[in-house]
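Heads up: the sequence lines are chains A and B, in that order.
Heads up: the first sequence begins at 1 in full-length UniProt numbering, then just goes up one per residue.
Heads up: the second sequence begins at 1 in full-length UniProt numbering, then just goes up one per residue.
Keep in mind that the hints were calculated from the coordinates and are not lab data.
Quantities reported herein were computed from a predicted structural model and do not represent experimental measurements.
Beta carbons are placed, not taken as given, at the ideal position from N, Cα and C, and that holds for glycine.
It is possible that part of the hints are untrue.
What the hints assert, rightly or not - A short, non-exhaustive set of chain B residues, derived as facing chain A with CB atoms under 8 Å:
hint, residue
1, 5
2, 94
3, 95
4, 97
5, 143
6, 165
7, 168
To be verified - Listed next, with one range per pair, are the computed distances between beta-carbon atoms:
hint, chain 1, residue 1, chain 2, residue 2, range
8, A, 75, B, 24, 41 to 47 Å
9, B, 97, A, 50, 18 to 24 Å
10, B, 58, A, 59, 55 to 61 Å
11, B, 162, A, 139, 38 to 44 Å
12, B, 135, A, 59, 55 to 61 Å
13, A, 173, B, 14, 22 to 28 Å
There are 2 protein chains.
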Amino acid sequence: MSAVHVLLGILADGTPRHGYDLKQAYDALLPRARPLAFGQAYATLGRMVRDELIAEAGHDSAGGPERTSYQITGAGRDSLAGWLGTVERPAPFVTEALFTKVVVALRTGSDGATARAYLIAQRAAHTDRMRELTRAKTDPAANVSDVVAVDYLLGHLDADLAWMQTTLTRLGALRAELHEGDHR
Amino acid sequence: MSAVHVLLGILADGTPRHGYDLKQAYDALLPRARPLAFGQAYATLGRMVRDELIAEAGHDSAGGPERTSYQITGAGRDSLAGWLGTVERPAPFVTEALFTKVVVALRTGSDGATARAYLIAQRAAHTDRMRELTRAKTDPAANVSDVVAVDYLLGHLDADLAWMQTTLTRLGALRAELHEGDHR
DNA sequence: ACTCCACTATTCACTCAGAGAATAGTGGAG
DNA sequence: CTCCACTATTCTCTGAGTGAATAGTGGAGT
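With the hints as constraints, model all of the structure from the sequences given.
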């Protein structure tokens, strides 16, 4: 995921901010997302300036290190509005390692033992993680933002679990099909 | 997703193959995954040779362009077995644009209209895609491999739909919380 | 016979994501 | 008075991902 539009969203209220501040705001806005690395924040801001989505809004070296503030431009607002107004293409590809590993395990091993063992171990890891997330969700200190993010994760872990379950019953057929070409 | 382990899986039967062939085998093994670009295939093979996961198994220039075959090494087999034997960390982060867009839309707009409109449009796109995938699944020409991949996608699209539905009812609370800090 | 096209096969150039280390100044704890 | 934590930015490096360039072979048409 590109950080560009999130940063534009943070800058959309018009107040200029500098890189360090934007990194912190990013992490605060999306606490369950992968933290934005500093290096990446500055690199992204550089590209955004180049693309005229943001512009420098002054340097400030008073009381501390030099820092550069950025503010959103008209093009930046347009880009943000365009992104928010565009539907994401739903699930064009299977990208997850979960799926890939099962296929490769079946293709590699002579019997389905590796794939079966993997699915069973992964299922256990999934249920553990779901317990952990459920705890986080019912925590009295949980805010709405957290609950919404955790619900997203829980829903997909549950979808994984259901898939693993039905795939376990299909392993034989899948294995046979993947090795079909081997004996011709 | 790194292509390394899939390529190792294809080479695991011991027969040497060259880059073009491996790219084709990759796409045939994972037809619902993002196709492996040629450039990426050769770059990945280069790194695998460097890391001694595979080794050159001879050049062949007879009847056509020069081509280099690769075969898996002992270290390559170890790496593949290690990968297949390791459980994936389940859902450490929310990485999807679906989630991010809703949060940014709420944080940006003064009312929740943008977020609501997005969720409704995305819901329609999701149901369309699900119909398309369901058709592909019930197609008499569908093989097991395809059904398993499509089931994976359908499960996650369904999880998205459920999340969108509950998030729509929570938009007000979420918006209030995201703008909390603005008036202090 | 000649041309154009599709296919096999590889390389190159380029952008961006992601991680980590390096630099440098400020303010506070002990 | 030193050390540490924090603010703030830059630099370096690997790898993912895309697209174009190069080059030879074989076949379909006209």
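Enumerate the violated hints, using their earlier numbering and listing them in ascending order. Violated: hints 6, 7 and 11.
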